[in-house]
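Residues per chain are reported as follows:
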Amino acid sequence: MIKDNMTSLQRVLTTLGHKEPDRVPFFLLLTMHGAKELGLSIEQYFSKSENVAEGQLRLRAKYRHDSIYNFFYAPIEIEAFGGEVIYHDDGPANSGEPFIKNFQDIKNLKIPDIKKSACLNKVLKSAHILKEKVGDQVPIIGVVMSPFSLPVMQMGFDKYIELIYERPDLFSHLMKINEEFCVNWANAQLDAGTTAICYFDPLSSTTITTKEMYLKTGFEVAKRTIAKIKGPTATHMASGRCLSIIEEIADTGTAIVGVSVEENIQELKNSCKNRLTVMGNLNGIEMRRWTPKQTEDNVKRVISQAGAGGGFILSDNHGEIPFQVPDEVLMAISDAVHKWGNYPLIY
Amino acid sequence: MEKNIDDFMEALLSLNRVAARRILEDAASIDKISFIENVVIAALERIGEGWKSGIFALSQVYMAGRICEELIDEILPPGDPDRKDQPKMAICVLSDHHKLGKTIVYSLLRASGFDLLDYGTMEVEELVQRIKDDKIKIILVSVLMLHSALKVKHLKEKLDSLNLDVKIVVGGAPFRFDKQLWQEVGADAMCSTASEAVLVIKSVMEGSL
Ligand code: B12
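Chains as they are written, first to last, in the numbering used here: chain A, 754 to 1100; chain B, 563 to 771.
Because the hints were derived from the structure by calculation, they are not lab data. Ideal placement from N, C-alpha and C gives every residue a C-beta, glycine not left out.
Pulled a few chain B residues facing chain A out of the computed Cβ check, cut under 10 Å:
hint	residue
1	628
2	659
3	660
4	709
5	710
6	712
7	738
8	741
Bound conformation, chain B alone (with noise of 0.2 Å):
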């Protein structure tokens, strides 16, 4: 298993899609969901705990992210039934337009098994409407700005005074530099590289967040 991570690894890291593809193939023939559980999520997070850490860069981050979930598309397509049995969620940049942050973390989630809309920019108020109308029960949010992160605030409030039961998972360049912005704008979760996504949502599912 741990020969199987690392070469995948590699094989991510240096953009190799052919090595990725035949060490997925060969495994995937055997159990897929354990192959994805075991050797594609535990890669894709040392990869980001490798970027939160200084080792790996940004653009491997999500070059990694863009190949499995394009490999995983493939041997497990959108609404397989093998995908996993889930809390519906949703995910959007709040407010402004820096939109590579929520790309690596859909990618990732996807690459990693999970189904999840995308809401693509949104402003509190239409945020609210969808998640209300689709009955989200996790939203993660991604920003770049400070102002746009200040807006979970009002999303919190909004989301409270309509009794919605739904968890805000946060992420994004000003939660990284404040480790307390989370709490202060009233999320449930803070993630610091899009791959901790996956653990949140498993705490969801564990019903301990």
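So that you can see chain A by itself, here it is in the shape it has in the complex (with noise of 0.2 Å):
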């Protein structure tokens, strides 16, 4: 392999064996802001594939990063479900009212069937697009919700918490249903061509839950589902703790944990022992308003603190940049990267 003339696949490859690539892989997880280099509304973007791949392909050329990000919304899922999704002009789609309205619901909740589903079709036919312009060249990363965290969305988060703790039957036949689904969403995403899947956990995070419910529970169900989602995958906290079940999300088979700029990075690094490759952990919320120069120390920082012998790569903490960061940060996070993040460090 040629060092210092790698595709971004090979970088990451490199860095995910715990090896040192030519320079720090960085993935700028972009949604929104490709309905700004169409010129379509954040709803209207989203409503064709074509759309997020082309959008995909214009952030890739400009900011040079590591990856393809084919994410639609987190709420998608509940739209494959017969929930209801809400668009704004200016942030993420959110999931609307829940849709599991009584505990006894949950006993007639069905399995949505991917091939039948509009929405989820979008998605893959957006993976399709993208694999044929980028080949091998990028890694494309889709995501699923896990079967742990879906409910939020699914019953509302208070309803969801009491189930945990007071209806652990019924907690066990939602997880069912939700692990069997997340498994066939993520299945089709990698056959559409999608390199790798992000396994979003953040109620698994300790910000969330308590280590020891999160090993009765959301560990459990991330072995289980993990084990047969047939491609490599990378559990995001969504900027919530993971510190303390670091070796615990290795154990479930995993291949990145996505942290928390609320943790010490280096820190984070050290536990996974080479065991996971950590991603993460600029602010993407103050992000908004940072200087060029505050945006060229907090990358240098994050590098200097994690980027040393690979299994680390450089993004925001959340697994997706708001849409008020301006192009200008951007420009900068990635003019850094290529600035301070080439091997061997230099600091």
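Quick one: dock chain against chain with the hints and give me the complex.
Structure (structure tokens):
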């Protein structure tokens, strides 16, 4: 492999093997910015696979990052279950009123058929288009909500916490349904040309559940689910904390962990002990008002803390950069990685 | 007192309603208001602080608040004259549909002996109208999405243009991740945890905010 002329995919695979590639790989996990590129509203943009494919290609050409992000919005899975999605002009789509109104509804829940789901097929189609365009040059990242995190949108957060504590029987039943759906959905994306699956699981983060609870719930769910996904996975905490459960996250069989700015990335990296690649942890929300100097300093700091020896991908800490983050900041991140991210690191 | 707080916290964190009720009943026969002030609020504050520093999980914050709210509603029903003489306040989720933050703050304030109106989810226009109609003095705003947080700016402008004297107290994930955001949108205070709301309300009552 020619070290200083790697493709994005080679660069990422090298870091996943805990070796240093030519430079630090970086993922600008952009979704809604594609709409800006194409001059469309967010709702229009996500209505067609071709838009998302084109948006992703333009963003990558512009910022020279190492991934294609075929992520529409989290509640697309809720849409597949027959639930409501609410669009916004200046932010991500959100799920509407939960469709599980009371605990008993869980018993009648049907697993969506992916082939018949128009919204999910949009995602599969854009994966196809993207795969045709980029081949094996760039990893195409697809997204699933973890079976353990999805219920927040299915039934509301408060009811879900009560379900976990008070109705373990119905909780298990819901996990069975969601696990089957999640595995089908992940594998359909892989079949369509997706390189790796980002498994969003912030409910497992210690920001939301205790470690004790995680070991009984989210951990077991992740082990079962990830084992059946036929491709590499990255587990993302969506900016929730995970330092105290990092060993267990590695035990679930995932390859990457997306981490929060609320924890020290150097400490996280050390705890991974070469079992996991760390991805993170620029503060996406604060990023909106960073100056070029602050941007460069932040990129430099994170690389210096976690870059050495590979096993590291630079990205934001949530797995999606907010719509409000200006192009100048994104460009400054890219410039800083190209300036300070070349291996061997000089600081 | 310290032992009371520890025991009560322990009962809450292990979701032991029976133990929590026993501690409360034993002590409340003496002076329920001072028990709420010194034990319930203190325990909830410590749990909130523990969440902020990563020791406790949100599920514990939520369940603790809920247990306390239920217990306090029994010993101190809504409208009880012992409930605090306080400025009129209301809570809402601005624009988005994520109610958990609001639910936690609402439970916690009620468990701390405050009364407040729950407006549910609202957009700026209708919120301003309600604040005006209900003569609200403190509006507590919870958001989860960044674009909703930025709408507080419009809320502030509208309230100012009507010369309404209302304190805006904000909270929710975007404010925790960008510590300057609350000032940028013109709020009067920001809380990183639900229990911090108690301190902010006290400052308003003392006239220091
Ligand atoms: C768990 C989680 C998820 C779960 C569940 C989300 C949900 N609630 O519906 C899943 C995986 C489904 C998810 C999905 C998404 N998420 Co999410 N998620 C999170 C996470 C980790 C926790 C969110 C949460 O609900 N916390 C519970 C609430 C109660 O916590 P809280 O708001 O901090 O409130 C506490 C205090 O702040 C305080 N408080 C709150 N309000 C108030 C008000 C007052 C007056 C006071 C005094 C105190 C107070 O009290 C609470 C308890 O102490 C956060 C990141 C984080 N680390 O917090 C991201 C986060 C909320 N997600 C985010 C986003 C964008 C999304 C998506 C839109 C992504 C997408 N494009 O699809 C979707 C939308 C989901 C939907 N409902 O439609 C962003 C939102 C900000 C932004 N960028 O705009 C966050 C902040 C991540 C980030 N760092 O950017 N997510």
